[in-house]
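Note that the protein sequences, when read in sequence, are chains A and B. Sequential numbering of the first sequence, starting at 4, is according to our numbering. Sequential numbering of the second sequence, starting at 4, is according to our numbering.
Hint data in this document are derived by calculation from the structure and do not stem from the laboratory. Worth double-checking, as some hints may not be accurate.
In this list, chains with the same sequence are indistinguishable; a pair is considered to hold if it fits within one copy or across any two.
In silico DSSO-like cross-links for lysine-lysine, where the CA-CA straight-line distance does not exceed 30 angstroms [stated by the list, open to error]:
| # | residue 1 | residue 2 |
| --- | --- | --- |
| 1 | 461 | 623 |
| 2 | 482 | 645 |
| 3 | 482 | 63 |
| 4 | 482 | 623 |
| 5 | 461 | 482 |
Now for the letters of each chain:
Protein chains: 2
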Amino acid sequence: MRRSVRLGLVLLFAARFAHADAPQPATLLGFSTERSTAERAIEQQLDQGLHAEDQRAWMKRLSAHPHHLGSPYGKQNAEFIAELYRSFGFDTRIEEFRVLFPTPKLRKLELVAPTSFTASLAEPAIPGDSTSGQTAEMLPPYNVYSIDGDATAELVYVNYGIPSDYDELERRGIDVKGKIVIARYGHSWRGIKPKVAAEHGALACILYSDPADDGYAQGDVYPKGGWRSDHAVQRGSVADAPLRSGDPLTPGIGATADAPRIAIKDAVTLTKIPVLPISYADALPLLRAIGGPVAPESYRGGLPITYHLGPGPAKVHLALAFNWDMATAYDVIATLRGAELPDQWVIRGNHHDAWVHGASDPLSGQVAMLAEAKAIGALAKTGWKPRRTIVYASWDGEEPGLLGSTEWAETHADELRAKAVAYINSDSNARGFLGLGGSHSLEAFLNDVARDVVDPEKGVSVLERTRANQRVTGSADEKREARDRANLRINALGSGSDFTPFLQHLGVASVDVGYGGEEEYGQYHTAYDSFDHFVRFVDPDGAYGVTLAQTGGRIILRLAQADVLPFEFTGFADNVSRYADQVRELADNLRTETEDQSRLIADGSYAQAFDPRHTYVLPKAKDPVPFLNFAPLQNAVAAVQKSAKAFSTAAADRARSGRPYEAAELQNLGQLLIGSERALTRPEGLPGRPWYVHQIYAPGFYTGYGVKTLPGVREAIEARRWDEAAREVEKVAETLRGYAAQIDKATAALGGR
Amino acid sequence: MRRSVRLGLVLLFAARFAHADAPQPATLLGFSTERSTAERAIEQQLDQGLHAEDQRAWMKRLSAHPHHLGSPYGKQNAEFIAELYRSFGFDTRIEEFRVLFPTPKLRKLELVAPTSFTASLAEPAIPGDSTSGQTAEMLPPYNVYSIDGDATAELVYVNYGIPSDYDELERRGIDVKGKIVIARYGHSWRGIKPKVAAEHGALACILYSDPADDGYAQGDVYPKGGWRSDHAVQRGSVADAPLRSGDPLTPGIGATADAPRIAIKDAVTLTKIPVLPISYADALPLLRAIGGPVAPESYRGGLPITYHLGPGPAKVHLALAFNWDMATAYDVIATLRGAELPDQWVIRGNHHDAWVHGASDPLSGQVAMLAEAKAIGALAKTGWKPRRTIVYASWDGEEPGLLGSTEWAETHADELRAKAVAYINSDSNARGFLGLGGSHSLEAFLNDVARDVVDPEKGVSVLERTRANQRVTGSADEKREARDRANLRINALGSGSDFTPFLQHLGVASVDVGYGGEEEYGQYHTAYDSFDHFVRFVDPDGAYGVTLAQTGGRIILRLAQADVLPFEFTGFADNVSRYADQVRELADNLRTETEDQSRLIADGSYAQAFDPRHTYVLPKAKDPVPFLNFAPLQNAVAAVQKSAKAFSTAAADRARSGRPYEAAELQNLGQLLIGSERALTRPEGLPGRPWYVHQIYAPGFYTGYGVKTLPGVREAIEARRWDEAAREVEKVAETLRGYAAQIDKATAALGGR
């Protein structure tokens, strides 16, 4: 379900080596010099076991028919994947979950005034795209977890439909209460749009893809180029994902056959109003019919019209009804038991369900992961055994809301909390640059990995290529870091793929990895995300599928084989220190903005500036922003920095000492390091959303994909809830002090104390 | 010809009062307290003589038929205007000049491959626009001073066609040599586009108006709204105006009947390649047919296509031939002789010729100026006499290249250098905010005026309203200045209207004034800039016509009546100090950019970042930027600051003393102050363009409209001509030292020394 790497990931860049061009370190993080050499030899074997043809054949097989959750071909794919894992030598089972999965029964959208038009709501077959005509097997374009509804009302165009867009409408005196809104995709998780529309009293919500964002304005459209064509519709979930992921009827527990379920009417992650996605061909007549004020510049898309805000005279009738059925999700779980530390699990996952054929999303990542499993399986067949247990997971039901991964994680929560070393995720993959997000305790480790993988187009490491790109095309900050910071700064994770239940619900250190930025995508969640499209526009020779397998394979093998799990905390400390600075700046900037605005209201500037021939509502002065006590947070960050440094020193001393690790020592150190990410969680979770327990990373309540770091503090400030912000500062500070204590225990264990 | 205020003027903000909300000063700059009171009483009478109905009736009469240079109706308009001035009591004459004015004989544009299409090159009548059908009287869309030509070649899309656009094309391996370029209007004087295209070897140049810039993307198109409709074409001059303005055949001298003329082949301001302007309806099939790489994001306009760069497969045939005829320009010059200081002339001007009906451009400004003249004439009929001579000028031939004003200024150059106090220009006028540009020695004076004119929509002063708008919508710098700086910072003048020959060729202190920002224009230089359009979308009740007359009238009356001419130099010193900082920063930034780029080339970043499936040409490292000696400039600026402060102190002391001015004292002071702006010129002019003698303000060699301050220094740095930059620093410093000396003489004269 993840939005393409190109659009979804912002690459950022920590300080382990003195300069950017540091030579390849002889010793891998967590390994002795001798064991590093052995590990690198294993990785050479891994590479020899990776073949682009395997991935291409699997993709062709898996994308031959639509394979959404609950589809016959989806089940066949799960069985095919399970059979592959078995053939690779993995102990494989399919775990089933019963989940709510509504499918469309009625979809109707008509313009009823001032002219009439009936939306096609269909994606025609495209010549040269051999699977686009399989309409009988497809789910038509719809937004899953929209409620049923029938509404007729005037239209209002709300741009991306995020909170700031409604602020702008309010300034222009436009109220969406009792209206139907039309919003363009982008700038948030799609479920945010109906949520915010409903909060403002709208009756229904129409979503469309504007050609400015991924259509002809970006490049030639399919089939000439890869970009979104006029009738292509983005399907997708509109669940209130920032509340929690997973099956709407089994909050917090695994959706096993016999699990207790809440009633559909009590399922809070369903939308409050009906929602339907449409193409820009269907949106054009609606948008053209809207009158009222001309939309502000940032609202204007790429259609050849003047964008107006409304409301009316355009009036639409939207009718939606769904089959509120249950479906079975088939998670394929493949295990290679660890020889020495079987109760430390390294978990790798990628979903297998798609909205339609899903060549890019998710099969590009899925087949790369299968390639890793095959190569690791081949190693095992030579007699090699992993020290720790390796688990490969091919998830079902990711698209509707991370169902397969969430239900599995909830079902096995206790065991995972005790045993999961890390969760490594991928999703869509494409030609281009390395995108890395995850827990910052793994930042240094991931840089080591990226330094050892060669970019297939340029022959330099994927790390160097990505940093080169940042130096050339990045923001001023990125350019500086890509020149001066030793490590690539990895992204903090929000949501949008299967890492969420592991990282943010269980507190398992997680990674999300993929390549992209050189593809022509634009067919996200349409009937044209096909094999034919993929081989022309996404990764023509499959080279980056192999590169992803090399990357994922190294991450898994090193985590499985390391003496000391390759956690490193100075990178985390550097990042969390930035986040602490950011929340202080956020409050400071909000204070200045509030003061400035109050002055402009009081001195009459707004009243004098506004064009009297247009409607403007004078803003109301907001309460001043108080000064908050950030000292507990600053002190806690300082404690983490100190502990992180001490750990690194102890680890280096121990490595220099050459003293081998005893089994009990490894066991103990492993548990302490596994526990470090867990120490970043609090059982009560975040304010208003207890399912999310991680105190450093969460998807934004009003962004959905986009991460909010230090979410409790940051979102309280954004929402101007000062008391809550002050409480959250204390909570985060306490959490970070606990984290520092956990690191100190690991440091002590390293020194044999 | 000036581009609408909304698009063309960037409003900036000097320090005469302690804070922004300073109360109305009791005493006007240059007046004793007593005389201030008398002056304000005169201004009340001025206001009573201003009637919106006059302006509306004159506009209706003057815009009833096309009235371009050389047209029968244009001559009739000149005679009508002359008769008005006579009826107001002005000594009026029409001065005639013979100028080169080519008109189209052949215009043909065809797409010949890969498909065929013939451009309409026509503007159809629009229902509800009563003059749009007068095609027989109109000049069809063309670019005057394009050469004849016939070319068939592949098309390349060059975005705005400015130098940075060609840099981008070069990075993508695209050469326009032997090709025809198509460029969109905007971001430069239109004559820059064929100039730069020819420098890069293009055979011909097509200009079009992209709907992103002033069409449907900005608002509803005519006749529903005021913005550019699909077939509307921007006419206009493509002369190389940054070399000089005026008749191409009489460089530097007045184009009187018997003036010596150069041959057309020797006229350097004509284009080097043929140029034709087209509508977006005609541009669409051409742009759609272009292949090659997808255009970079900043190149993409508002048409519903993927913009490609080419070259080809689109191939076009362009054929242009002109009647290379002479035309007569009719300047109407109306004089009210000064009773006390007849040899100090205050000159006010606005052109009367249009490209077609020109309701906005130029009649909105012309009729406001006529209203001033009527009201001042009415004062004179009561027995009041101006102290200094007032000259009102209605220029002809501004559109082809400031012909009427330039030829008049060149013809009377010696007299003007000796007598002209200031030149006050206006051009198009519209509903909205005050736009002020000019010589910064008049900044404080103009702020006084703007403080006394009431905005018709808001009831506050036009100064306060404009500053309020900057506080609300300005850049960070503008917001800060609009809050903290005592005076509105006025713009430095580039070119684009009739102030250029006065300010930049003769060194007469000049002002350009107008209102705008709330209109729906978009019909610039089309057949639809009509009375019908104006009254619906530009200044519906004519209120801002009256406001402009109040503003212009006050400027003229105060300049004519002041004891001491209201020059004030601390504002100039503040602005020139900024310019000096800017050129130093320009060199510093260029140095850093050059270093950064050289590093990215050397370390392989570019090579690693580029997508190998697209063509990118690795940039070549540029020579390092040396450190330049800016000390002479800094010292000269300090000298001006010191002299400016001393003058202000002396002026205040003298005002406090109450000692009246004797006639000879006034004469002497006047000559010294008139000479101050002249002190900013150098006889040899700017490098490569001797006609432009002003050392502080010039239109940019590669911008045309946009000003380059300290042009000699700035453009040498931009062009990386270091030796020239060093020489120009010395020259500007010497010029500023001379300016300080001139101010010192005026200071001495004030003190009676």
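Status of the hints after comparison with the structure:
With identical chains, the CA atoms of residue 461 and residue 623 are at most 30 angstroms apart between copies only, with a shortest distance of 20 angstroms across copies and 56 angstroms within one. Taking CA atoms no more than 30 angstroms apart as the test, residue 482 paired with residue 645 passes inside one copy only; the shortest distance there is 28 angstroms, against 43 angstroms between copies. For the homomeric pair residue 482 and residue 63, neither the shortest alpha-carbon distance inside one copy (39 angstroms) nor that between copies (58 angstroms) is at most 30 angstroms. Within a single copy, residue 482 and residue 623 get their C-alpha atoms only as close as 40 angstroms, which misses the 30 angstroms cut-off; across copies the closest is 20 angstroms, which meets it.
Only within a single protomer do residue 461 and residue 482 lie at most 30 angstroms apart by alpha-carbon distance; the minimum there is 20 angstroms, versus 47 angstroms between protomers.
The structure is inconsistent with hint 3 alone, although it conforms to all the rest.
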